[in-house]
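Here are the chains, one letter per residue:
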Amino acid sequence: MSTPTTRPTADAAREAVQAAVRHVVPDADFDYVDDDTPLRGEFELDSLDFLGFAETLASRTGVPIAEADYPRLATMATCVAFLTGARDGT
Amino acid sequence: MTATMVKTTYREALREAIREALQRDERVFLMGEDVGAYGGCFGVSLGLLEDFGPERIRDTPLSESAFVGAGIGAAIGGLRPIVEVMTVNFSLLALDQIMNTAASLQHMSGGQYAVPLVIRMTTGAGRQLAAQHSHSLEGWYAHIPGLRIVTPATLEDARGMLWTALEDPDPVLVFEHGSLYNLAGEIAADAGPVDLDHAAVRRPGDDLTLITYGGTLGRTLEAAEELAGAGVSAEVVDLRTLRPLDDATYLGSVTRTHRAVIVDEGWRSGSLSAELSARITEQAFYDLDAPVERVCTEEVPIPYAQHLEEEALPQVRDIVAAAHRTLGEQP
Amino acid sequence: MAARRRTPAKADPAAEHERELLRTMLRIRRFEEACAELYSATKIRGFLHLYVGEEAVATGVMSVLEPDDAVVSTYREHGHALARGVPMDALMAEMFGRQTGCSRGRGGSMHLFHADTRFVGGNAIVGGGLPLAVGLGLADHLAGRPRVTACFFGEGAAAEGEFHESLNLAALWHLPVLFVCENNRYAMGTSLAHEHARTDIALRASSYGMAAWAVDGMDVRAVEESARQAVEAIRHGGGPHFLEVRTYRFRAHSMYDPDRYRPKAEVAEEKTHDPVTALAELMTSEGRLTDRQLATLEKEVAAEIAAAVEHAEQAPLEPVEDLTRFVHSDRTPAEVT
Amino acid sequence: MSDFTMPSLGADMERGTVLEWLVAPGDVVHKGDPMAVVDTSKAAVEVETFADGVVVDLVVRVGSEVPVGTVLAHLGPVGAAAPAPAPEPAPEPEPTPEPAEVAAQEPAATTGHQPVVHSPLARRRARELGVDLASVAGTGPGGEITREDVEAAAPAAPPTPSTVPEAAPATTPAARGAGRPRVTPYARKLAREMGVDPAAVTPHDGETVRASDVRAAAIAAPAPAAQAPPPPAPPPGAPPPTGAPRPTAAATRAQTMRETIARLMARSKREIPHYYLTTTVDLTDALAWMREQNAGLPIAERLVPAALLLRATALATARHPALNGFWVDDAFVPGSGVHLGVAVSLRGGGLVAPAIHDADRLTVTETMAAMRDLVTRARAGRLRGSEMADPTLTVTNLGEQGVESVYGVIYPPQVALVGFGRVVERPWSVDGLLGVRPLTTLTLAADHRATDGFTGGRFLATIDDLLQHPEEL
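Chains as they are written, first to last, in this note's numbering: chain A, 60 to 149; chain B, 10 to 340; chain C, 442 to 778; chain D, 172 to 644.
Read the hints as simulated data drawn from the structure, not as lab findings.
Treat the numbers as computed from the prediction; the structure is a model and nothing was measured.
Please note that the accuracy of each hint is not assured.
[What the hints assert, rightly or not] Calculated pairs, DSBU-like style, for lysine-lysine (alpha carbon to alpha carbon, straight line, at most 30 angstroms):
{"id": "1", "chain 1": "D", "residue 1": "Lys-213", "chain 2": "C", "residue 2": "Lys-484"}
{"id": "2", "chain 1": "C", "residue 1": "Lys-705", "chain 2": "D", "residue 2": "Lys-213"}
{"id": "3", "chain 1": "C", "residue 1": "Lys-705", "chain 2": "C", "residue 2": "Lys-484"}
{"id": "4", "chain 1": "C", "residue 1": "Lys-712", "chain 2": "C", "residue 2": "Lys-484"}
{"id": "5", "chain 1": "D", "residue 1": "Lys-440", "chain 2": "D", "residue 2": "Lys-360"}
{"id": "6", "chain 1": "C", "residue 1": "Lys-712", "chain 2": "D", "residue 2": "Lys-213"}
{"id": "7", "chain 1": "D", "residue 1": "Lys-202", "chain 2": "C", "residue 2": "Lys-484"}
{"id": "8", "chain 1": "C", "residue 1": "Lys-740", "chain 2": "D", "residue 2": "Lys-202"}
{"id": "9", "chain 1": "C", "residue 1": "Lys-712", "chain 2": "C", "residue 2": "Lys-740"}
{"id": "10", "chain 1": "C", "residue 1": "Lys-712", "chain 2": "D", "residue 2": "Lys-202"}
{"id": "11", "chain 1": "D", "residue 1": "Lys-213", "chain 2": "D", "residue 2": "Lys-202"}
{"id": "12", "chain 1": "C", "residue 1": "Lys-484", "chain 2": "C", "residue 2": "Lys-740"}
{"id": "13", "chain 1": "C", "residue 1": "Lys-705", "chain 2": "D", "residue 2": "Lys-202"}
Hey, can you work out the whole structure from these sequences and the hints?
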């Protein structure tokens, strides 16, 4: 995985999160999911699903995701913040 | 295990087996059309005449019935003949001796006359030899009680089956598929006799069982490889001995995989594949998760033209398609 | 020849020998007559091919063979088996399909085998025994044993490919085989002239480069003399020999045969050359056989047959559990020689 | 005095007809003389006498057919017979009268209520159409009921709605059972063993119920008491009927699966005397080790806790074979390997528990890969038959769904089920000090017929112990 030179925009990050969820839950419906809904609970992601979700997310955005980062992928809001590098970007 | 490996071919392995037999037992001799001066129609006995002389590497006239019968008589008379019938097609001229005499003598004499005879012959199609030189009749011979039918498909079996066959007190027919003679590979330098009682699992698998022997083993293994690419794990069973059939091995496999595809170069009707299918149905019916599939030769005298011959014979794609059918899938 | 008792004999060995020939022919004749009756009474089943009229052939040829020699026969082989010395009890038990039969009840009339006397069977495929005999000869040839294999077949076999293949092979390899063609003039119901463009079988055999001649098969002494010459030549490296023995079968081909294909007058005429009575009359006229001796002989033969029938009636059946025994050999390779 | 009888001239001859007498009473005959001409139905044969004597009388007339062994004539001793010049002349050999062979035609009428139906096709159509054959009048030969008769007797509309086009040729699989899928023998056997009604199983190819379909229907949550993923509503947009098993007619499918679970679990609770054991496992070291392994690994290769739990269970199972296998016919049959059934929830409802084969021989990484592969394929409907068929012990990880412990119902004929609860952080005493530790509750439901609590206890202790030394996994 190459080191990203650019971070996704918030919209791109949001889109990537949705795509990554749909990768494991093809019919996932985001219409009723607000930014603070826990994704694992909402979409019944088990640990393997979550692994697939994280994997897709990383490959789509180019943002490396360490195991320690998993807690930051809890909701749409935290995901977007993490991916766009709100605080600790490089 | 640090067995030294040597390069060999199916043809050379057969020749070494004959040579070893001639050396080990002075009662052994080879007899058949053009086995001596010519070196064997397929070159198997090339050079043996020079080493063993014309009494033991014995050319015969074109009299299949007489020299096969003479082999039977010589076996009763205390020798251990290896009779080469050039091809299975010509063996029909000796069918009376093979069936009415060799196979029957032991029983109809109430056990007084065993016939320790080995008859070798080439079988099979695939070389554009047309209808009269392309038969696969080993399954037909496997119909006959009193005979043992073996079909070496590997270098080890080509090297090892002959001696075990000679040790058998009853007639053994060895069918060598014509497409195998040039098969090359490595074999242990000390490779020797092999057992004739068991089928061999040539490739383990879980999803279905491909049952074959002789000339179609190679294609069946290819098919298994292709299936693996599609996520299907196919077990390949090489029957090795067509009579008596080692039921335990292939039925055990089918009982585990629940699906069977039989690949047999013989014609379908009244064939060995039919026998296998029947036995599977008789003995493993409640373990079948799909109807037994058979991949056989089209019911036609084998035509000369290459594309027609290819179409007539079992091909990898046919095996793969049959395998998928047992899985209830489109290939 | 187990059940045989010696008739009181003068010191004339030739006469004694003739009486033995007569005894053998009588044993065959009476045995087969008994078989016909037992067949009609359903004690014997399957096909029953009788040798009545042809007894001199088997008797004459077997007389000159050694115990080590081998005999390959046809499906009309009761006479061959008896003359070769297969015990009558074992033969009759086989006709009855019993365990003590010479083929344990698996062969019947057409497949009598007896390894002890190297009687390699009744072969019921016309011509099928010839290649086998060639192979037995080949084994002796390769092993350097001075043995002879006598191979019997009818003139019908001369139309089979195996006949020609085998004669050629035996001559080509110079094998110790005596081919005995029992020419009884009918291949089942087809007469010689209907079947062969060239009816002189011996002549055809000689074309393969082996000594071949014809002999009167109704005269046991002529058959014996011819066979003696042939066997001696073979045993001394003379290669295969061929005897065409001209004979006649007095009865139909098998029990079921209405015998429509040959004139009754012909049969009647041939019966006047009955080899059994011919020898008996000759010996009587020349003073080597008394009526009393003949009567004794008949009585002894009748007793032997009665005992054989009695044995067969009492003999056990092979247990059905052993049905598939002998499909493959019970023996290890070392035990098969 | 002796009898001259009808001889048997061949194995197939049971009777013979006297065509002609060649002798007359008073004639002296000798052994071997022909007595009569007999028609064996194959040929006319002269038959001989096996005895000498004088013909006393002829018992059977010319033209008579009699069984083998019947006395045809009597013979007396030579010289004993009266001269009897030509008494009662033997009947003239006249042509055999034609036997009165008017083979009575079978009456065509059928008797009573017994329908004459030999045609499997007619029988099948009757079954398909719900026609009572006893009520059908046959128009075929001998009153035979034909397919047309059955169809004419059928109600106007087929009793079961069928999507099969009428014109489908009889050879197409779709036409075989009027919409009712075929069931393979193995699937049938499996269904019986698992208490599943094969008729209620939906085949994934829309045509043939195979073992995998039965498994899919039967292997529901091994712990239905605790397992309660609410059957979700059918997903929008019905998928094509031949697609993956997952979303086909979800409501029906969920219903079927529900019924199967009901039957199977009822059987389990009816037949299996369960005992339950539970223990709490400290996962501190295991998770730390896992994080260490995962550090620097691409996401695709990282481990999840379930892989460690499975691995530990597999190793423990290999060491306690009494829990690994089946209770069949009142006896324990050990499994041929450690094939761990892994409960996988299907999106759209239901669970399957396919096997990881020989799980005890896999490393943690391989276990992880096998689990990922299995779950992916389970949800794509691409499980292999063998995976569906032969788990020897099932593991459920309902902790993923948030519960703290699961007391499962054993999936028959297996004899044990292992459950892992959620990993929770709790106060925990270690070496006399209190700390906060990640814990999971490990449970065992086991068949008391196969093992006792002592065995089960040691088994759980082994899993616990293994998880304390993750580097040895």
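(message) Flag every earlier hint the structure violates by its number, smallest first.
(response) When the structure is compared with the hints, none of them turns out to be violated.
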